[in-house]
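S.K.: Listed below, chain by chain, are the residues.
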Amino acid sequence: MNNQTIRQKLTDKFGDQLTGWEEPYGMLTFSAPKEMNLKVLQFLFDDPELKFQFLTDLTAVHYPSNPGGELAVVYHLHNLIDNVRIRFKIYTDINKPDVFSATALYQSANWMERETYDFYGVNFVGHPNLKRILNVDDMDYFPMRKEYPLEDQKRTDKDDEMFGRVPLTQ
Amino acid sequence: MSEHIKLPQGSLEKQTTTLNFGPTHPATHGVFQNIVELDGERVMDATQTVGYIHRAFEKIAERRPLYQITPLLDRMNYCSAPINDMGWHITCERLLDVKTPKRVDYLRVIIMELARISDHLICNSIVGVDSGAYTGFLYVMQYRELIYEIYEEVCGSRLTTNIGRIGGFERNFTNEAFQKLEKFLREWPVVLREFENLFTRNRIFMERTIGVGPIAAERALNYGFTGPNLRAAGVDYDVRVHTPYSSYEDFIFTIPVGKTGDCYDRFLVRNQEMWQSVNIIEQAYKKVQEFKGKDAEVFHADVPEYYLPDKKDVYTKMEALIYHFKIIMGEIEMPAGEIYSAVEGANGELGFYLISDGGRAPYRLHFRRPCFIYYQAYTELIKGGMLSDAVITMSSLNIIAGEMDA
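Sequences listed follow chains A and B, in order.
The first sequence begins at 1 in this note's numbering and counts up one residue at a time.
The second sequence begins at 1001 in this note's numbering and counts up one residue at a time.
The hints are simulated quantities; they were obtained by calculation from the structure and are not laboratory data.
Note that beta-carbon positions come from the ideal geometry of N, C-alpha and C, so glycine has one too.
It is possible that some hints are incorrect.
To be verified - Straight-line C-alpha distance at most 25 Å; calculated SDA-like pairs for lysine to any residue:
(1) B:K1259 - A:I81
(2) A:K51 - A:Q107
(3) A:K51 - B:V1031
Claimed, not checked - Coverage of chain A stretches by chain B, computed from C-beta distances (three or more under 8 Å per stretch; other residues unrestricted):
(4) 57-68
(5) 99-111
Make the full structure from the sequences, and use the hints.
M.R.: What follows is the structure, given as structure tokens:
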């Protein structure tokens, strides 16, 4: 089984709803409309040839310059029998980041989805316990989004000698 | 008086005991909390709280040039920091399409397998400690010390090593490093044999671990287990074999697998892996010795844009001075791309998902931390067992708080 046959099987099943076919560094990558994510994952899981039954990684990426699809949720799937990996993405609007949860399919998605929610605010619909995992519970923002840049290395408004950087202008 | 004490609703009628286990507890071997619901000594339910040492590495990495991310990774699984470092260098090399010389690959294999041994021996001896056998833990410690001395010879530091650079090592291995490695290869198998004799057929140890915290292969896969914990359940998945990196395909070794996925099998799998690591190191050392003359001085690939030039060249050569300045100031622009690259960490598949938009720092960097993913199975593993079994299960899963929280 190679990338071509996987692509062929997926196109046979879902037609042109799957887009963004790429192969960066040899890993087949594609995306689907976000309402379809569970259908695609279930098909990849159940199909007797594809057998993508191992969820390696689940995370999100923030693209502020992509209006209507600012948040990308990225699944890395692995077929352990034929040893093939693929990457599957869905894009969601940051103002309505509702995505179906994959926890029914993969137990491992539980904490990974909580982590993704914690850092990007992706609302996984159907998750049994969607709350923050690494950050404090009463945090009211999603810190990995690009609108929260890290501290500017050149900022000069800090004058706390014990903790802050001493201003260069002194 | 009773109006001052507010009890949670239903707590007087409740028949079970709630126990806060952690965040700082000698038996958790790390900073994380378990809230355990007990009926007598039997565990009815458990809830995990993690994130006590979350340090936002993924966010920090978005502002750093590639070589400054390595020290962050040391602080993930600090029991085997070199594997994290090497995994990161390999990811960067794949992104930059750098081909490393064979000698570098073999030297890396030596360091990575040493790290695997040091990680596994800590985990296995801690399982011993938690079942009441302190001797093994104290006994093997001097060999972890020897491994740390080898790191020290190679890179100058011991625990958080920051070992290696993109393209290879910062300097060649000294003769002393090789002598220490020879000493290790000579003495460690004897000690490992003795360590095994202490535990493997020890009646008390067997009764404390056999059938404790088992998991079936199917459940383990569904929970995202990788590494020794998955292999103990009977799945022979190992990144070193499935997606070889750093010339692992040149070595002959076997992947030990267990059957039941309980604490005893996890212990045995880790022990066997230590033997396999010794075997790999011996092969790699033999291969390294075959390089003679000029070939024996190769310790990095030719990547001037990412590999710091020799200091004496910086003072005498224009090119070297320019690259030195650009690297230190983080002014090298990396190619745009998206890559997932994994290595076999001591706990399982340690993956790096790196997205570059062609800037000087990663656009997004995500770590697939094996601990974080398989720790969610902990409740299922301990439910119905005794509280003391929960402690052994935790240590035999080898949960490292630094890796879990990143």
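S.K.: Hints the structure violates: just list their numbers, smallest first.
M.R.: Number 3 only.
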